[in-house]
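In order, the protein sequence lines correspond to chains D and X.
Under my numbering, the first sequence has 55 at position 55, and the numbering climbs by one with no breaks.
Under my numbering, the second sequence has 64 at position 64, and the numbering climbs by one with no breaks.
FYI, nobody ran anything at the bench for these hints, they're computed from the structure.
A few of these clues could be false.
Stated by the list, open to error - Which stretches of chain X does chain D cover? Using the computed rule of at least three CB atoms under 8 Å from a CB of chain D, they are:
#: 1; region: 151-161
#: 2; region: 174-186
#: 3; region: 218-231
#: 4; region: 286-298
As the list claims (entries may be wrong) - Listed next, the stretches of chain D that the computed footprint assigns to chain X, with coverage defined by at least 3 CB atoms under 8 Å from CB atoms of chain X:
#: 5; region: 17-25
#: 6; region: 28-35
Even glycine gets a Cβ: it sits at the ideal position worked out from N, Cα and C.
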Amino acid sequence: MEDSSPKQKQPLKPKSKFADADEFLDAVTPALVNNLDQAEESKAGEGQKKKKSGE
Amino acid sequence: MHISCKVRPLIRTFLFITFLFLIGCSVTPDQQTGPGISSAETFHVPRRNDPLTPEQEKVRQQVTTAVEADIIVYLGNYIEMMTEKRDQDGHVVKPGTRDLMSAMRQGPLVISADDMRSLFPQYAASPASRSIHSQSVHEAVTAMAAELYRRALLIDDPRGNNTVLFTAGGVSSGKTTAINTIDEVHRAAMAAQIIYDGTMRNYESAHRRVMMAMDAGKLVGVVYVFTPIEKSAPWLVDRAVKTGRVVQANFAGRSHWQAQHTFLQLVNDFDGNPAISFRLIDKSGEKAELVPPATMKAKLYSDDGRFKDFEAFIAYTKKLIRTELEKARADGRLIPETEAAFKAEE
Numbered sequence: 001m002e003d004s005s006p007k008q009k010q011p012l013k014p015k016s017k018f019a020d021a022d023e024f025l026d027a028v029t030p031a032l033v034n035n036l037d038q039a040e041e042s043k044a045g046e047g048q049k050k051k052k053s054g055e
Numbered sequence: 001m002h003i004s005c006k007v008r009p010l011i012r013t014f015l016f017i018t019f020l021f022l023i024g025c026s027v028t029p030d031q032q033t034g035p036g037i038s039s040a041e042t043f044h045v046p047r048r049n050d051p052l053t054p055e056q057e058k059v060r061q062q063v064t065t066a067v068e069a070d071i072i073v074y075l076g077n078y079i080e081m082m083t084e085k086r087d088q089d090g091h092v093v094k095p096g097t098r099d100l101m102s103a104m105r106q107g108p109l110v111i112s113a114d115d116m117r118s119l120f121p122q123y124a125a126s127p128a129s130r131s132i133h134s135q136s137v138h139e140a141v142t143a144m145a146a147e148l149y150r151r152a153l154l155i156d157d158p159r160g161n162n163t164v165l166f167t168a169g170g171v172s173s174g175k176t177t178a179i180n181t182i183d184e185v186h187r188a189a190m191a192a193q194i195i196y197d198g199t200m201r202n203y204e205s206a207h208r209r210v211m212m213a214m215d216a217g218k219l220v221g222v223v224y225v226f227t228p229i230e231k232s233a234p235w236l237v238d239r240a241v242k243t244g245r246v247v248q249a250n251f252a253g254r255s256h257w258q259a260q261h262t263f264l265q266l267v268n269d270f271d272g273n274p275a276i277s278f279r280l281i282d283k284s285g286e287k288a289e290l291v292p293p294a295t296m297k298a299k300l301y302s303d304d305g306r307f308k309d310f311e312a313f314i315a316y317t318k319k320l321i322r323t324e325l326e327k328a329r330a331d332g333r334l335i336p337e338t339e340a341a342f343k344a345e346e
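Generate coordinates for the entire structure from the input sequences, incorporating the hints supplied.
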C-alpha cells in the first residue's frame, strides 16, 4: 500500500539550474550566516535605512 | 466557390474587426502582473474577525474594498515598489516595473506582507498611522501576498533558478534586514526566483505553500534564523519607536514559539526529499552560526524548562517588551500612538 504522506509524495521534476535544493541553499546561506551580525548592527539604523518600499 | 464582389468587402471588414478584437483580448491589464486570475474574476479578501476599533474597522473596510475591486492594480503597485531603485535620500533613481516577468528577470520576487502594508496611505502616512493601522490592513496584505505567490509560481523563472526561498523564525530575528540591506546577502539571494519573507509560524499555511512550490516544479529552501526572544524584543521595540510598525507581544511571542515547531515538523515531513532543504542559523551566541536543523529540538521554548506553558512564554515576552517600552518612554522616544498600539492587546 502506498504511503500518501508528504514524505513519500513525489513532486514534479524541478526545472531548476540547481541539481537539488541543497545546492540552491548552499548558494544562499553562507552569505546570510556571515552577515547576520552586520544586519544586527544595521538594525539600529533601520528607521533611516534605504527602503525599497519608500516608507 | 464564387464570392460576389459585394460580399468580399464585408468579409474583409469582418475579419479585420475579428483581428482587432483578438488583439484587444490579448492585451489585458492582467498581463502587467503575469498569469493568474483574469480581470473578469473576483478577488476575495478572507475575513479574520480580529478585534478592531471603529477607526481601524473603517480603514479595514476601505482597504478590503479597494483591493477586491482592483487586485491587479495593487499587485502591480507592489511589484513596482519592490523593483524601483532609490538613493540614500529615498528618491527614486530608477523606476520599477509593474510586470511580474520583468521583475523576475531582474532578481528574486520578494513577497512580504509587511512591505505590502506601505501601499496603503491610511497605514503608511506616519509612524502614528502605522501604529494604529497595522491591524487594519492585515487581512488585505495577507490575501495579496497569497495571491501574488500563486501567480508567481505559474511563471517559469526567466533566470533559470526555479527556486523558492522561505525565511523563517520569530519576528525581529534579523533575517529580512540582512537580505534588504547587505549587498553580499542580496547577491546570494539572486539564486532564488521567489523569496517568501515570513516567520512560518503557522504549520498548515507553511506546509501548503511548500507543497504549492513543489507542485509547480520549484526547488524549495527554508532558512530559519533563530534569535532568542531576549535579543529580539529590544529590536522589535526599537523598530516600532523609529517607524511606528508595532508587533504586539502576543503575536511576537506566538511567532517565536510556533515557528520552531513548524520548522521541525516540516523537516520531518520532507525528510529525504531532494526538492527541499533546510538550514538553521543560530544567533543565540556572539556570532551567527550554521547548525544542523535537528538541533532546533534543543532550542524549543516549549521544552527548555523555563516556561511551564505557552501562556507563560507570552507573559515573559510581554514583560520583555514592556521593559523596552519603559526605556524608550524614559528617553522621550515613544509616541503615544505606538505605546497605545502595544497596550491595545492588554
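Tell me, in ascending order, the numbers of any earlier hints that this structure violates.
-> No hint contradicted; all consistent.
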